[in-house]
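**Q** Assemble chain G onto chain U, guided by the hints.
Number of protein chains: 2
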Amino acid sequence: MPTPTDTTNSTDATADPPEDDFTVTPYAVTGEVDYDKLLERFGADPLTDDQIKRFPDHPLLRRRTFYAGRDVDSYLDAAAAGEPHAIVTGRGPSGPMHLGHVLPLYLAKRFQQETGATVYIPLSDDEKFLAKAQSFESIGEHTHENLRDVLAVGFDPERTRIVVDTADADVVYPIAVRLAKHLTPATVEAVYGEQDTVGLQFYPAVQATHLLLPQLVAGRQPTLVPIAIDQDPHVRICRDVAAKEALPVDKPGALLGRFLPSLAGPGKMSSSGDAPSIELTADYDTVAETIHTHAYTGGRATLEEHREHGGDPAVDVPFQYLRFFFEEDDDALDSIADAYRAGDLLSGELKELAIERITDFLAAHQRRRAELDGISNELESYRLTDDERRRALERAGVPRVLENYSH
Amino acid sequence: MPTPTDTTNSTDATADPPEDDFTVTPYAVTGEVDYDKLLERFGADPLTDDQIKRFPDHPLLRRRTFYAGRDVDSYLDAAAAGEPHAIVTGRGPSGPMHLGHVLPLYLAKRFQQETGATVYIPLSDDEKFLAKAQSFESIGEHTHENLRDVLAVGFDPERTRIVVDTADADVVYPIAVRLAKHLTPATVEAVYGEQDTVGLQFYPAVQATHLLLPQLVAGRQPTLVPIAIDQDPHVRICRDVAAKEALPVDKPGALLGRFLPSLAGPGKMSSSGDAPSIELTADYDTVAETIHTHAYTGGRATLEEHREHGGDPAVDVPFQYLRFFFEEDDDALDSIADAYRAGDLLSGELKELAIERITDFLAAHQRRRAELDGISNELESYRLTDDERRRALERAGVPRVLENYSH
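Quick note, the sequences are listed as chains U and G, same order. Going by the UniProt record's numbering, the letters in the first sequence line up with residues 1 to 407, in that order. Going by the UniProt record's numbering, the letters in the second sequence line up with residues 1 to 407, in that order.
Certain hints may be false.
Copies of one chain are not kept apart here, so a pair can be met inside one copy or by any two copies together.
[Said to hold, decoys possible] Straight-line alpha carbon distances no greater than 25 Å define the calculated DMTMM-like cross-link-like pairs of lysine to aspartate or glutamate that follow:
1) Lys132 with Asp240
2) Lys37 with Glu349
3) Lys132 with Glu245
4) Lys109 with Asp329
5) Lys132 with Glu394
6) Lys132 with Glu189
7) Lys132 with Glu403
8) Lys53 with Glu308
9) Lys244 with Asp312
10) Lys53 with Asp360
11) Lys109 with Asp283
12) Lys244 with Glu137
It should be emphasised that the hints constitute simulated quantities derived from the structure, not laboratory data.
Just chain U, same shape as in the assembly:
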């Protein structure tokens, strides 16, 4: 039976989770998540006020949606000193992207703008093909559409690398093999549970490759992986592997986030769950209809009650959207919360506020998306160069059999 283990700075990715009334793995989130308990369980550290201040200012951090991390200080030190530092934030292309998927990308863009972080964006089309009941062709179409959304965020091509596992297999696969040599079935099973196919058994080595790529391409540097906390096992496996191997890399750090609520209320915003998600392609009418019909509110049952007792912003999903991302101004957000609590602001009015902000955001995203040329052309300046591929394989200790020898 699983027992609680020492979790302080633990790097043991194989520890059994203690039994609790919630489950958080990369493949399933059930129950009501206790975020503090999760940190204990995973052995990560809550962000300090000082750390929050040292990050580029962003509501996702300032309001502690990202609330914990691993090896955050070395990243902040490098960013402050103008030394190389990297972000890895990936995408599993199994469907259209929705708001919850793109917000971390906009956060990464902010980091890039403020401190010059290099941003790596791996798209795990291999894993999604293996994990989902979809054809490779279908995954390919999602990959293509997702790439348009990634490009629409507007990263600096000089400091951004987009990697697609099947399209960049020349560099991804050999490095994954290098890492797989010491990745045991027992480790993978302890972290992810039993896998149905040998493809998914191998995939954690590919994932670890993603997280080490910035350092393999450009040399040892602090790497931060901003992820919802359910994805933390990927980081822990990579940290274990990086520590075991004699590779010229440091363990990647992590910035761990709470889940964005689904429209139906607390829990992870998911495109596969029951509540509808807001897709990035949604227009005003769709956003309005979706939020009016499905958004869980903190309002009262009747107008009279609401006017008298006020609403509860803490559970109100439209308010939470504003808090997470769409109302950056703290005073403005406080005013909204106050008016809602006082009963001056109605649920419908709060919804309208959120709809307006989300729609403005999406319209800008969609405009940039529409302006994109063909994917192949647009991607060119974001792909690993031949020289970068060569250096990554070299640092990973993978011989380039057909190039390294002259005799």
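**A** Just chain G, lined up with the frame of chain U:
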């Protein structure tokens, strides 16, 4: 407990082997191998006289070193009709190549010369890195040296494709992922036993990719895989996967061989065993010294006894070398056997005969090897073209995300 299973045309790669006094898996051969029992165990068919006659004439077939197969007739039919047909014969580059490794390549060359077979030669540097206690760099050096030996065989570049798993990962990995989707851990474990790393768990999908490549590149065609019978599980896994997937390929066939004896006597010639192997780089003195010192003979203890009772060619390793490969003329071979049995030919003299033939063979191989230019240049015309890669991925149903879409 394992029980005997129906083996007639069985395609069930997961059947437990019956317990016997010998073990044959891709990773271990122990005990005295009963080749007929192996066929029952593996569910393959002995070659008929008619099939032997239809193959290009070669002592390895005529004398039934290759003695069994799977789906041999469809290959022979295509070869006879001048229709496309392919051979896949690979190499695991974990050390220098010795005689036992190169003979199947020369057999494949004969097939290519006689019937125009396309020959695919995959080098599994990934698997060898994962399976051996060697650095990737060391595997890379062996890969490079092995490639020189493969090229020295003198295949027709128009009809030959050499694939190195790490160097051709752009095509190998995505196809392996495609095949891995329905390759379960249970299947792999039943066939290969428990694997130590997730890399080796995944590798059978890569191996299956090798065997399907000719058809994925150039369309459905009979493919024959000539291998020592211990490698048959690779073929069975691939046949199972090919049958399960809706890929436009036929199951690959197999041509199954007995092991070449080690110098020390019956058993598999192995570079990792106790008896020394004859490496392809060996000169006359080395070959002579190795055979004189280590070759097991069928001669008598004393000269007098030998003259009186004669020797036994059936267990004499130098004679077996002549029989397998180095004396193509049946009458000449019979004369040698007769003289040996009669006591007219001494063990030392028989050794000299074998030394001479092997040395001639090696000298020609070494001459062609020395004449090679740098590997990168030499390999160019043997590598998959961009167009072939594209077609293989397309037939495997792997979307080319960055090229297939224009909008």
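**Q** Next step is simple, just say for each hint if it's right about the structure.
**A** These are the hints, each one checked on the structure:
In this assembly of identical chains, the alpha carbons of lysine 132 and aspartate 240 lie at most 25 Å apart only when taken from different copies (22 Å versus 27 Å within one copy). Neither within a single protomer nor between protomers do lysine 37 and glutamate 349 lie at most 25 Å apart by alpha-carbon distance, with minima of 36 Å and 81 Å respectively. When the C-alpha separation of lysine 132 and glutamate 245 is checked against a cutoff of 25 Å, the pair qualifies only between copies, where the shortest distance is 16 Å, while the shortest distance within a copy is 31 Å. Proximity of lysine 109 and aspartate 329 under a CA criterion of 25 Å is satisfied intra-copy only: 19 Å inside one chain copy versus 74 Å between copies.
Taking the shortest Cα distances, lysine 132 and glutamate 394 sit within 25 Å of each other only across copies (20 Å), while inside one copy they are farther apart (33 Å). Taking the shortest alpha-carbon separations for lysine 132 and glutamate 189, both the intra-copy value of 19 Å and the inter-copy value of 23 Å come in at or below 25 Å. Taking the shortest alpha-carbon separations for lysine 132 and glutamate 403, only the inter-copy value of 23 Å comes in at or below 25 Å, while the best intra-copy value is 38 Å. In this assembly of identical chains, the alpha carbons of lysine 53 and glutamate 308 never lie at most 25 Å apart, being 38 Å within a copy and 98 Å across copies at closest.
For the homomeric pair lysine 244 and aspartate 312, neither the shortest alpha-carbon distance inside one copy (49 Å) nor that between copies (55 Å) is at most 25 Å. For the homomeric pair lysine 53 and aspartate 360, neither the shortest alpha-carbon distance inside one copy (28 Å) nor that between copies (77 Å) is at most 25 Å. Taking the shortest alpha-carbon separations for lysine 109 and aspartate 283, only the intra-copy value of 23 Å comes in at or below 25 Å, while the best inter-copy value is 63 Å. Taking the shortest Cα distances, lysine 244 and glutamate 137 sit within 25 Å of each other only across copies (18 Å), while inside one copy they are farther apart (37 Å).
The structure fails hints 2, 8, 9, 10 (numbered hints given earlier, in ascending order).
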